[in-house]
Amino acid sequence: MMAARLLGTSSRIAKFSRHFHTAKAAFLPVVQFKLSDIGEGIAEVQVKEWYVKEGDTISQFDKVCEVQSDKAAVTISSRYDGIVRKLYHDVDGMARVGQALIDVEVEGNVEEDEKPKKEEKKGAVTSTPQASKEPATSASESSASDGKVLATPAVRRLAMENKVKLSSVRGSGKEGRVLKEDVLKFLGQVPADHSSGSTNIRTTHQAPLPAAKSYEALKEDVAVPIRGYTRAMIKTMTEALKIPHFGYNDEINVDALVKLRGELKDFAKERHVKLSYMPFFIKAASLALFEFPGLNATTDDKLENIIHKASHNICLAMDTPGGLVVPNIKNCEQRSIFEIAQEITRLMEAGKRQQIGREDLVGGTFTLSNIGALKIGGTYASPVIFPPQVAIGAIGAIERLPRFDKHDNVIAANVIKVSWCADHRVVDGATMARFGNRWKFYLEHPSAMLAQLK
Amino acid sequence: MCTISRGKIGKILKSTSTCIFENLAFEEHIFRTHNVERSGEVLLMWSNRPSVVIGRHQNPWVEVNLPFAKETNIEIARRHSGGGTVYHDQGNLNISLLTTHAQHCRPKNLKFISDALNSNFTVQIVPNSRDDMELQPGNRKCSGTAARIAKGQAYHHLTLLIDADLEILKKSLKSPFRDQIESNATRSVRALAVGFLREDDGNASVEGAEMAISEVYRKLFEQSQFETIDVSSKIAANPEILKILEELKSWKWIYGKSPKFQFSGENGQEIEVKDGLIMGTDQRFSTDF
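As you go down the protein sequences, you meet chains A and B in turn. Taking our numbering, I'd label the letters of the first sequence as residues 692 to 1145. Taking our numbering, I'd label the letters of the second sequence as residues 98 to 386.
Some hints could be false.
[Said to hold, decoys possible] Lysine to aspartate or glutamate pairs mimicking EDC-like chemistry, simulated, CA-CA at most 16 Å apart:
no., chain 1, residue 1, chain 2, residue 2
1, B, Lys-371, A, Glu-740
2, B, Lys-105, B, Glu-134
3, B, Lys-349, A, Asp-783
4, B, Lys-357, A, Asp-781
5, B, Lys-248, A, Asp-753
6, B, Lys-340, B, Glu-125
Keep in mind that the hints were calculated from the coordinates and are not lab data.
Please build the complete structure, drawing on both the sequences and the hints.
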């Protein structure tokens, strides 16, 4: 084991699994669990009671603390599995939304747990009391639930909560280890080997953001097992590449849209609607899709039919703590811009908590990816179609650029770039271009959308 | 017209139990087990025998006239939500609205409730910035609000005084020891004036208020259901709710959950109390001398 080689004499201590953390501390990432948005514009809450203390082992969904803001008593639950390393506030202290609440040393990934167990068997001189405990606990762990099934406590908990016998689940991890996604597949929450592209979102986010970076400490290559969102992405993207993509890019002047959103700001606030630009992009796309139903379509397996879908279930690419998720908003053709905005808010809140349900992930017919919203910037992109759909659009950030007006004067204009991609087996360039133009027309002339209001 | 959909299903539940502990346990159970996203929002209503209910992080010795409550058999309970202390009896209607965290909006709820009451009775109820509801004229407080948020769900519950004995109410909420205790527990904010619906409309009744509110609530959803629940039996048959009930009734919860405080006795003694016990001992703190 590389860790052992590096540590030399203390190698034996390092071999013991997560129960013996002090030596392993250098190798396990410590994540700051930040206080997430409570809503209602609240920036600060008072910590009233802690359910954990430093050194406690914690699992995802366990209670961390009680906070209070005015009349709301809020229970904060953990997002991570691991060991609490630091509490940032005392009781009665004020915690700010978006700032660290506790530090959690996150359990290492599956590989790490296995190797120590193997090494143990060779026997160790130092810390013998630990040695005798280790095999005992791991044996009792596995026999406690299901004979010799290998699985982490978090997975066992998931199985137990859902009354699933681990021994009935086919483990896809190393040595038949049962992973979270295996349990979920078993529960039917994810279609097992469906190439519809539905993403497996409930799988473990075992690799929270800093995980990959923490391996910089080791001098050798580390094989990072592919789990969770990435695993699903691989499947989807591999399928997608079978589609011959062609791209069509354009630039939209969004001055009218910026003005419109400004005008609606107070009205939206009154209606408790968070209004970004995305609802407009989505609604304009839906209106344009009425004229080009061939783009709101899916291909069947044998490419014998293109199914023009009646509903405009528009997918949006979302960046969540666990990675890329692509839920869709159903029936955009029947929803108002405000209703679409509400759905976006709902999905984003769910995404932040990694609670997007299966219903929201299946049945998408067209996709819009708003790279601009991430403030990562970017203009043109080459988005990848989400099979079995046939088209996708990637929208860049709003830039203020000099442009010519109709009198040839240079003016400052708000401009976005859009990159459309479509399946060239069933969509031709002219169709995509016309659709793109229609979408552009709606956004540059919002009154045209108003004229079609029922 | 542009309607903002609240989703497809709304369920209205009316409890037949008049025990504050049973009702709070049932409310908490629904909060923990009913998945709003999957099964829709819930409106729960109930009334109970005379009780004083303190907020999650309050101190009963500060907020409640314990000797008076014991004499007159007024129950003392601590709820799971935040906020201040309220007195209620059978002339009070408790309303609890369960939604997702994202859809939780107390002003929105208070608006539809006050509108419903104002159109059904000759009253003028106005929600204020503290989420209380006041009868006008006179800023007479007739309703107090509290909320609980956890795991992506939230409930907003409130009291509504339709008929009340204001003398008993005021007496039970005034603790003789309130100035002798120093603590960081949430302090209730005393309303300058208190009122109840029957003061302004002699025909106001708890049943009438229930109906008015249910009717308006129904209209917010595509589908709605109304169910009367025998909460006492439901609890007796369900060990999970029973556990919540036992906890709510326990001394440890009602008194022990009080944040750390310092009590200054009449003869100058200073007693530190943590988890309801006198610091350094396992003796329960009490003001019974």
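Hint-by-hint comparison with the structure:
1. B:Lys-371 <-> A:Glu-740: holds (13 Å)
2. B:Lys-105 <-> B:Glu-134: At roughly 10 Å apart (the allowed maximum being 16 Å), Glu-134 of chain B and Lys-105 of chain B satisfy the hint.
3. B:Lys-349 <-> A:Asp-783: Status violated; Cα separation ~20 Å.
4. B:Lys-357 <-> A:Asp-781: holds (13 Å)
5. B:Lys-248 <-> A:Asp-753: Holds. Lys-248 of chain B to Asp-753 of chain A sits at ~10 Å (cutoff 16 Å).
6. B:Lys-340 <-> B:Glu-125: holds (11 Å)
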